[in-house]
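Residues per chain are reported as follows:
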Amino acid sequence: MYAYILRRIAWSIPFLFAASFLAFTIIQSPPGDYVESYAAKLEADGRQVDEARLRSLRDRFGLDEPFLAQYWKWISGIAKGDFGLSFQWQQPVSELIGDRMILSVILATSTLLFTWAIALPIGIYSAVKQYSWGDYFFSIIGFIGLATPNFLVALILMYVGVVHFGTNVTGLFSAEYVNASWSWDKFVDLVKHLIIPVVIIGTSATASLIRIMRANLLDELYKPYVTTARAKGLSEFKTIMKYPVRIALNPFASTIAWVFPQIISGSTVVAVVLSLPTVDPLMLDALLTQDMYLAGAFILLLSVMSIIGMIVSDIVLAMIDPRIRYR
Amino acid sequence: MTQQQASANRPILEVKNLVTAFDTRHGTFTAVDDVSLELVPGETLCLVGESGSGKSVLSRSILQLVDRPGRIVSGEILLHEAHPDPKQDTTTELDLAKLEPRSGIIRNIRGRDIGMIFQEPMSSLSPVHTIGSQISESLKLHEGLNKKQARERVIEMLRRVEIPNPERAIDQYPFEFSGGMRQRAMIAMALVCNPKVLIADEPTTALDVTIQAEILDLLEELKTQNNMAILFITHDMGVVAEIADKVAVMRYGKLVENGNVKDVFANPQHDYTKSLLQAAHQTQLPSTERLAMREERPLGDPILEAKSLRKEFYGKTGLLGMKKTTLVAVDDANFTLREGESLGIVGESGSGKTTLARCIQRVLSVNSGELHYTDRSGASTEITQLDDKQLQPTWRDMRTVFQDPFASLNPRMTVSQIIGECLLLNGMHSKADRRARILELLDLVGLPSSAMERFPHAFSGGQRQRISIARAIAPNPRIVIADEATSALDVSIRIQIMDLLLDLQKQLNLSYIFISHDVGLVRFFCDRVLVMYKGQIVESGDSEQVCTKPNHEYTQALLSAVPIADPTQRGQQKRVRYQQ
Chain A
89 MYAYILRRIA WSIPFLFAAS FLAFTIIQSP PGDYVESYAA KLEADGRQVD EARLRSLRDR
149 FGLDEPFLAQ YWKWISGIAK GDFGLSFQWQ QPVSELIGDR MILSVILATS TLLFTWAIAL
209 PIGIYSAVKQ YSWGDYFFSI IGFIGLATPN FLVALILMYV GVVHFGTNVT GLFSAEYVNA
269 SWSWDKFVDL VKHLIIPVVI IGTSATASLI RIMRANLLDE LYKPYVTTAR AKGLSEFKTI
329 MKYPVRIALN PFASTIAWVF PQIISGSTVV AVVLSLPTVD PLMLDALLTQ DMYLAGAFIL
389 LLSVMSIIGM IVSDIVLAMI DPRIRYR
Chain C
17 MTQQQASANR PILEVKNLVT AFDTRHGTFT AVDDVSLELV PGETLCLVGE SGSGKSVLSR
77 SILQLVDRPG RIVSGEILLH EAHPDPKQDT TTELDLAKLE PRSGIIRNIR GRDIGMIFQE
137 PMSSLSPVHT IGSQISESLK LHEGLNKKQA RERVIEMLRR VEIPNPERAI DQYPFEFSGG
197 MRQRAMIAMA LVCNPKVLIA DEPTTALDVT IQAEILDLLE ELKTQNNMAI LFITHDMGVV
257 AEIADKVAVM RYGKLVENGN VKDVFANPQH DYTKSLLQAA HQTQLPSTER LAMREERPLG
317 DPILEAKSLR KEFYGKTGLL GMKKTTLVAV DDANFTLREG ESLGIVGESG SGKTTLARCI
377 QRVLSVNSGE LHYTDRSGAS TEITQLDDKQ LQPTWRDMRT VFQDPFASLN PRMTVSQIIG
437 ECLLLNGMHS KADRRARILE LLDLVGLPSS AMERFPHAFS GGQRQRISIA RAIAPNPRIV
497 IADEATSALD VSIRIQIMDL LLDLQKQLNL SYIFISHDVG LVRFFCDRVL VMYKGQIVES
557 GDSEQVCTKP NHEYTQALLS AVPIADPTQR GQQKRVRYQQ
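Heads up: the sequence lines are chains A and C, in that order. Residue numbers for the first sequence, in my numbering: 89 to 415. Residue numbers for the second sequence, in my numbering: 17 to 596.
Be careful, since some hints might not be right.
Unchecked claim - The following label-pair restraints were derived from C-beta to C-beta distances:
1) 45(C) - 205(A): 55 to 61 Å
2) 97(A) - 83(C): 41 to 47 Å
3) 106(A) - 569(C): 37 to 43 Å
4) 175(C) - 220(A): 44 to 50 Å
5) 50(C) - 205(A): 47 to 53 Å
6) 561(C) - 97(A): 55 to 61 Å
What the hints assert, rightly or not - Which residues of chain C face chain A? A few of them, derived with a C-beta cut under 7 Å, are:
7) 72
8) 79
9) 134
10) 138
11) 144
12) 154
Worth flagging that the hints you see were computed from the coordinates, not collected in a lab. Treat the numbers as computed from the prediction; the structure is a model and nothing was measured. Glycine is no exception: its CB is placed at the ideal position from the N, C-alpha and C atoms.
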């Protein structure tokens with residue numbers, strides 16, 4: 089088991105390097121750089137472009153150095169926790185992302201818990217009572233949930249919230265708490281504001297999870313070991329929960345892998361619509377304005393999150409499924 | 017003593033006029049039709065029948081384990097000395113047929129009064145729970161033992177079923193066990209609460225013969241120790257002759273014969289029983305048709321010669337997967353196949369017989385050795401070093417019939433597409449020609465021309481295997497490799513397919529490489545035989561000689577484990593165990 093974990097982690101190191109190199113290549117590949125687009129923006133605004141200032145900006149960020157030198161400067165900074173400076177915000181990237189990251193993690197975790205709490209029991213019910221009225225009901229709801237785009241649900245809920253309940257559903261905090269320090273009241277306020285985004289982001293995931301759980305469990309329900317369990321005298325509930333459900337859950341460990349990158353990019357559209365202070369809108373903005381270091385940090389984070397997610401899901405899978413552990 | 021004898025003759029379980037039916041869209045299908053049986057303590061009742069005869073449904077009906085839409089329609093299942101209440105030791109007589117499948121009472125009976133074991137020990141055990149956790153469950157449930165007590169009892173039970181090192185085995189997972197050990201664990205699970213009745217549904221069918229012999233011995237021993245009644249379901253008349261006290265034969269849901277094992281074998285009443293016994297006896301002797309064929313046309317020249325074939329498989333272990341492990345699947349294999357000859361390869365699972373066949377056909381590459389194939393014109397080629405393109409003509413001459421007739425035919429292609437595809441690949445471009453050839457082939461394998469436009473699911477297992485054979489002989493090959501081609505079939509169908517293969521050999525002068533785990537079939541079908549054990553050919557020679565006077569100790573052990581379909585010879589054959 090330990091050898092397995094060690095092996096996984098060891099293998100991920102070259103991947104991390106490859107990912108960082110690729111991230112840097114991607115942000116470097118569009119023609120022009122930040123200084124050029126900055127100059128173009130100034131010109132468009134009709135302001136004077138100070139060649140000397142541009143010159144100094146280029147020097148400061150090392151934009152004229154060769155590609156590998158720039159990469160090395162960037163990656164060695166990151167190793168020390170310095171992600172560089174955002175051109176647009178004129179703030180260190182780590183500070184910009186840090187605040188929003190916590191909220192993104194909270195949002196992603198709540199969404200995941202919400203999804204599992206709703207989807208797994210319904211999936212089990214749908215499989216055990218296949219082709220019952222309940223199964224059909226949840227299937228219809230599920231397909232509607234899958235087919236409706238997130239932003240549409242967001243707009244509808246916003247409309248309903250504002251028009252019928254008079255509540256402010258955008259953002260994650262009420263106005264009075266935005267800049268307040270953490271307190272119990274602020275936490276309660278956050279939870280209240282979380283509900284709607286969680287429901288919106290979680291709907292389609294819940295719907296697809298129900299289908300996956302139902303299909304997984306249907307594959308297991310009629311396996312001989314279930315009959316064996318019944319032949320021992322176990323009650324129907326215990327038989328189903330201990331054996332087929334336990335095995336049908338294994339594939340879910342693999343889904344952890346794609347939950348991690350979703351912390352950063354899973355809810356961009358909804359976050360923009362509901363103006364949530366998460367990292368998603370910031371990333372969109374950084375990519376649009378070619379804010380090199382900020383965008384680079386995001387792409388790198390996405391890759392790192394994917395790799396970490398993969399390791400975590402592999403380890404969880406090995407913990408719950410002995411067949412993988414003893415390979 | 018007398019009291020014990022009296023109670024020994026009184027049945028513990030009586031099935032009376034049981035009817036179990038499945039409601040389907042096309043009406044009601046009666047799987048068990050008015051069947052009556054008795055199980056007596058200390059006795060084994062063997063329930064025999066082919067697939068679909070209703071024997072499994074009957075056994076599951078007893079414990080109310082029939083999956084929906086199946087249900088017990090009428091009849092009684094009387095269990096004497098039942099423990100309906102786990103808290104009290106009082107026993108009563110109970111009609112299990114009247115109980116609800118999910119009721120508390122039937123759950124108290126399951127695992128405590130009646131234990132059950134199943135055919136496939138791998139899929140019948142949960143892969144993600146330890147052996148100990150799966151066995152101790154019944155103890156906690158029925159006897160209210162705590163974790164520590166249950167653990168002690170499980171270890172004791174594992175010891176009784178002769179699992180080595182039970183203190184360690186209890187915390188292992190089923191996939192760490194061999195097939196035989198898994199079935200022992202399964203038996204331990206069924207018997208841990210000392211039930212009075214054991215239902216065993218084909219418990220040895222998926223096992224090798226030597227393992228089967230050991231499991232049968234174990235069941236016999238436990239039966240005597242616990243004075244247990246066993247309902248043993250099987251399709252193998254050899255196993256019946258080996259272990260049964262009484263025999264019941266089922267066909268199409270009905271009981272056609274029921275009696276003492278010696279009486280039934282000596283004097284079967286029903287035609288169906290007679291045909292089953294005849295098939296069993298027939299496959300223990302060389303085929304007369306084959307012997308006659310050889311008289312008429314002696315074997316021809318060698319067409320395939322293997323010299324020191326070796327095949328290795330590689331795995332990876334160790335940190336970072338850098339360490340390589342090597343498994344020698346085929347080690348120094350030498351043999352010759354002559355024109356018109358049937359060569360058998362016999363061995364247990366994992367002995368390398370299928371790998372050898374794939375190497376012969378060059379589906380797999382070989383590590384070293386030579387394979388000389390002589391084609392129709394008499395030109396000999398060494399085929400181990402050829403690439404896929406150069407192998408085309410050899411592949412046309414060497415075809416395979418696979419084991420599972422359900423998995424080896426594409427369900428979305430019609431029979432004419434299945435057979436036509438391989439004709440097209442071999443350059444028969446005219447549609448009319450292909451049609452004529454397909455009709456000819458169907459006629460050869462005994463299928464009507466109407467089969468052409470139908471899909472595989474419309475055919476039974478035996479008919480599907482005929483389609484596979486038609487596909488194999490379509491490009492007019494010289495060698496057909498039959499890899500356990502009859503193993504998945506019922507006994508009576510098996511004989512028909514073997515006769516068909518012999519008939520085709522007579523007409524087309526085919527050579528067969530016949531892979532089987534069943535020594536009896538090899539003696540029936542093959543002229544010569546190779547015995548494989550752990551990748552090596554330990555013995556080869558004339559099939560009669562190998563099957564009657566084996567030289568190698570492994571062959572002797574293998575033969576001594578094969579059950580003989582004659583109850584009067586029970587216990588006369590001395591079992592030899594082979595230890596390397």
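Verification of the supplied hints:
1. Taking 55 to 61 Å as the suggested C-beta distance range, the pair residue 45(C) and residue 205(A) does not conform, at roughly 42 Å.
2. Residue 97(A) and residue 83(C) have their C-beta atoms about 45 Å apart, which keeps the hinted 41 to 47 Å range intact.
3. Taken as a hint, the range 37 to 43 Å is violated for the pair residue 106(A) and residue 569(C), whose Cβ atoms sit roughly 57 Å apart.
4. Evaluation of the 44 to 50 Å hint for residue 175(C) and residue 220(A) yields a pass: the beta carbon distance comes to about 46 Å.
5. Residue 50(C) and residue 205(A) have their C-beta atoms about 51 Å apart, which keeps the hinted 47 to 53 Å range intact.
6. Hint check: residue 561(C) to residue 97(A), Cβ distance near 60 Å, so the stated range 55 to 61 Å holds.
7. A hinted interface residue such as residue 72(C) counts as satisfied when its beta carbon comes closer than 7 Å to some beta carbon of chain A; here the least separation is about 11 Å, so the hint is violated.
8. Annotation: residue 79(C) was flagged as interfacial toward chain A, and the flag holds, the nearest CB pair being 6 Å apart, inside 7 Å.
9. For the restraint placing residue 134(C) at the interface with chain A, the shortest Cβ-Cβ distance is roughly 6 Å, inside the 7 Å limit, so the hint holds.
10. Given the 7 Å rule on beta carbons, the hint for residue 138(C) is violated: about 9 Å separates it from the nearest Cβ of chain A.
11. For the restraint placing residue 144(C) at the interface with chain A, the shortest Cβ-Cβ distance is roughly 6 Å, inside the 7 Å limit, so the hint holds.
12. Of the supplied interface hints, the one on residue 154(C) holds, with its beta-carbon coming within about 5 Å of a beta-carbon of chain A, less than 7 Å.
Of the hints listed earlier, those the structure fails to meet are numbers 1, 3, 7, 10, in rising order.
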